[in-house]
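Trainee: So the chains spell out like this:
Number of protein chains: 2
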Amino acid sequence: MAEENTVYIGKKPTMNYVLAVVSQVNAGHDDVCIKARGRAISRAVDVAEIVKNRFVQELGYKDVKIATEKLPSLDGGSANVSSIEIYLSK
Amino acid sequence: MAEENTVYIGKKPTMNYVLAVVSQVNAGHDDVCIKARGRAISRAVDVAEIVKNRFVQELGYKDVKIATEKLPSLDGGSANVSSIEIYLSK
Numbered sequence: 000m001a002e003e004n005t006v007y008i009g010k011k012p013t014m015n016y017v018l019a020v021v022s023q024v025n026a027g028h029d030d031v032c033i034k035a036r037g038r039a040i041s042r043a044v045d046v047a048e049i050v051k052n053r054f055v056q057e058l059g060y061k062d063v064k065i066a067t068e069k070l071p072s073l074d075g076g077s078a079n080v081s082s083i084e085i086y087l088s089k
Numbered sequence: 000m001a002e003e004n005t006v007y008i009g010k011k012p013t014m015n016y017v018l019a020v021v022s023q024v025n026a027g028h029d030d031v032c033i034k035a036r037g038r039a040i041s042r043a044v045d046v047a048e049i050v051k052n053r054f055v056q057e058l059g060y061k062d063v064k065i066a067t068e069k070l071p072s073l074d075g076g077s078a079n080v081s082s083i084e085i086y087l088s089k
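Taken in order, these protein sequences are the chains called A and B.
If you number the first sequence the way numbering that gives the first Met the number 0 does, the last residue is 89 and the count never jumps.
If you number the second sequence the way numbering that gives the first Met the number 0 does, the last residue is 89 and the count never jumps.
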């Protein structure tokens, strides 16, 4: 899947990301990927459910992947952070 | 899957739930389900990843389900809350 179909979830209000995902679909993409790390994972699930239930009912879950990413920490070591990738498609 | 294999994630420290999941596996269950709602979803993903990577390496993800639950709210209406079910199995 191309990077352009991917929406990264951060700390902005949930509806900002919902709009971003809906825009991807309206731009003609049949697949969208929602990615998030750490605390933003809950918000990613909210975004996916709101898009699917309220805006683009024909979307379904193609895959949900869970993983751990090693991020460099400020003290030179590394920290493990959970991540999620939610694949929605028509 | 029987209810006894299910670990519900709440607001306690992550390692409490990791221990609960590992105990299920050690009690002879080959499948464990981790369920969470709302903000606890991020913690559920952490729990699954920690169990899989650090404690029971032979576990893999069988399925990850995302849904919305309608909960009654205090004012008599209802609130939509996202939920996740993570199925781990040997």
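Hints should not be assumed to be uniformly reliable.
Sample of chain B residues lacking proximity to chain A, with all beta carbon distances greater than 10 Å (derived) [what the hints assert, rightly or not]:
{"#": "1", "residue": "Glu3"}
{"#": "2", "residue": "Asn4"}
{"#": "3", "residue": "Tyr7"}
{"#": "4", "residue": "Val17"}
{"#": "5", "residue": "Leu18"}
{"#": "6", "residue": "Ala19"}
{"#": "7", "residue": "Asp29"}
{"#": "8", "residue": "Ala39"}
{"#": "9", "residue": "Ala47"}
{"#": "10", "residue": "Val55"}
{"#": "11", "residue": "Gln56"}
{"#": "12", "residue": "Glu57"}
{"#": "13", "residue": "Lys64"}
{"#": "14", "residue": "Leu73"}
{"#": "15", "residue": "Ala78"}
{"#": "16", "residue": "Ile83"}
Dumping the calculated DSSO-like pairs for lysine-lysine here, alpha-carbon to alpha-carbon at most 30 Å [claimed, not checked]:
{"#": "17", "chain 1": "B", "residue 1": "Lys10", "chain 2": "A", "residue 2": "Lys69"}
{"#": "18", "chain 1": "A", "residue 1": "Lys64", "chain 2": "B", "residue 2": "Lys64"}
{"#": "19", "chain 1": "B", "residue 1": "Lys69", "chain 2": "A", "residue 2": "Lys11"}
{"#": "20", "chain 1": "A", "residue 1": "Lys11", "chain 2": "B", "residue 2": "Lys89"}
{"#": "21", "chain 1": "B", "residue 1": "Lys10", "chain 2": "A", "residue 2": "Lys89"}
{"#": "22", "chain 1": "B", "residue 1": "Lys61", "chain 2": "A", "residue 2": "Lys69"}
{"#": "23", "chain 1": "A", "residue 1": "Lys64", "chain 2": "B", "residue 2": "Lys69"}
{"#": "24", "chain 1": "B", "residue 1": "Lys34", "chain 2": "A", "residue 2": "Lys69"}
Residues of chain B clear of chain A, computed beta-carbon distances all greater than 12 Å [what the hints assert, rightly or not]:
{"#": "25", "residue": "Thr5"}
{"#": "26", "residue": "Pro12"}
{"#": "27", "residue": "Asn15"}
{"#": "28", "residue": "Val24"}
{"#": "29", "residue": "Pro71"}
{"#": "30", "residue": "Gly75"}
{"#": "31", "residue": "Gly76"}
Derived by calculation from the structure, the hints in this document are not laboratory data.
A quick note: this is a predicted structure, and the numbers were derived from the prediction, not measured.
Each residue gets a CB set at the ideal place from its N, CA and C atoms; glycine is no exception.
Trainee: Indicate, hint by hint, whether the structure satisfies it.
Mentor: Verification of the hints:
Listed as a non-interface residue, Glu3 of chain B keeps its Cβ farther than 10 Å from every Cβ of chain A; the least gap is roughly 23 Å. Residue-level check passed: Asn4 of chain B sits 18 Å from the nearest beta carbon of chain A, beyond 10 Å. Non-interface status of Tyr7 of chain B relative to chain A is upheld: no Cβ of that chain comes within 10 Å, the nearest being about 15 Å off. Every CB of chain A is more than 10 Å from the CB of Val17 of chain B (nearest about 12 Å), matching its label as outside the interface.
Every beta carbon of chain A lies more than 10 Å from that of Leu18 of chain B, the smallest distance being close to 18 Å; the non-interface claim holds. Non-interface call for Ala19 of chain B relative to chain A: holds, since the shortest CB-CB distance, roughly 18 Å, exceeds 10 Å. With 10 Å as the threshold on Cβ separation, the claim that Asp29 of chain B sits away from chain A holds: the shortest Cβ distance comes to roughly 19 Å. Against chain A, the non-interface label of Ala39 of chain B is violated: not every CB pair exceeds 10 Å, the least being about 8 Å.
Residue-level check failed: Ala47 of chain B sits 6 Å from the nearest beta carbon of chain A, not beyond 10 Å. At roughly 15 Å, the least C-beta separation between Val55 of chain B and chain A is larger than 10 Å, which holds for a residue marked as non-interface. Non-interface status of Gln56 of chain B relative to chain A is upheld: no Cβ of that chain comes within 10 Å, the nearest being about 13 Å off. Residue-level check passed: Glu57 of chain B sits 17 Å from the nearest beta carbon of chain A, beyond 10 Å.
Not every CB of chain A lies more than 10 Å from the CB of Lys64 of chain B, the least distance being 8 Å, so the non-interface label is violated. Against the 10 Å criterion, Leu73 of chain B stays outside the reach of chain A, whose nearest CB is about 20 Å from its own CB. Consistency note on Ala78 of chain B: stated as away from chain A, and its beta-carbon is indeed over 10 Å from all of that chain's, at 12 Å minimum. Here Ile83 of chain B does not stay apart from chain A, with its beta-carbon only about 6 Å from theirs, under the 10 Å limit.
A hinted pair counts as satisfied when its Cα atoms are at most 30 Å apart, and Lys10 of chain B with Lys69 of chain A qualifies at roughly 24 Å. Using a Cα cut-off of 30 Å, the hinted pair Lys64 of chain A and Lys64 of chain B holds, with the two alpha carbons roughly 10 Å apart. A threshold of 30 Å between alpha carbons decides the hint, and for Lys69 of chain B with Lys11 of chain A the separation of about 24 Å falls inside it, so the pair holds. Taking the CA atoms of Lys11 of chain A and Lys89 of chain B, the gap is about 38 Å. The hint is violated against a cut of 30 Å.
Taking the CA atoms of Lys10 of chain B and Lys89 of chain A, the gap is near 35 Å; set against the 30 Å cutoff, the hint is violated. Annotation: proposed proximity of Lys61 of chain B to Lys69 of chain A holds, straight-line Cα distance about 23 Å (limit 30 Å). Between Lys64 of chain A and Lys69 of chain B the alpha-carbon distance is near 25 Å, which keeps this suggested pair within the 30 Å criterion. Annotation: proposed proximity of Lys34 of chain B to Lys69 of chain A holds, straight-line Cα distance about 25 Å (limit 30 Å).
Residue-level check passed: Thr5 of chain B sits 17 Å from the nearest beta carbon of chain A, beyond 12 Å. Here Pro12 of chain B stays apart from chain A, with its beta-carbon at least about 15 Å from theirs, past the 12 Å limit. The Cβ of Asn15 of chain B sits about 17 Å from the closest Cβ of chain A, beyond the 12 Å cut-off, so the non-interface label holds. For Val24 of chain B, the requirement that its beta carbon stay farther than 12 Å from each beta carbon of chain A is met, with the minimum near 18 Å.
Residue-level check passed: Pro71 of chain B sits 18 Å from the nearest beta carbon of chain A, beyond 12 Å. Annotated as non-interface, Gly75 of chain B keeps its C-beta farther than 12 Å from every C-beta of chain A; the closest such distance is 22 Å. The Cβ of Gly76 of chain B sits about 17 Å from the closest Cβ of chain A, beyond the 12 Å cut-off, so the non-interface label holds.
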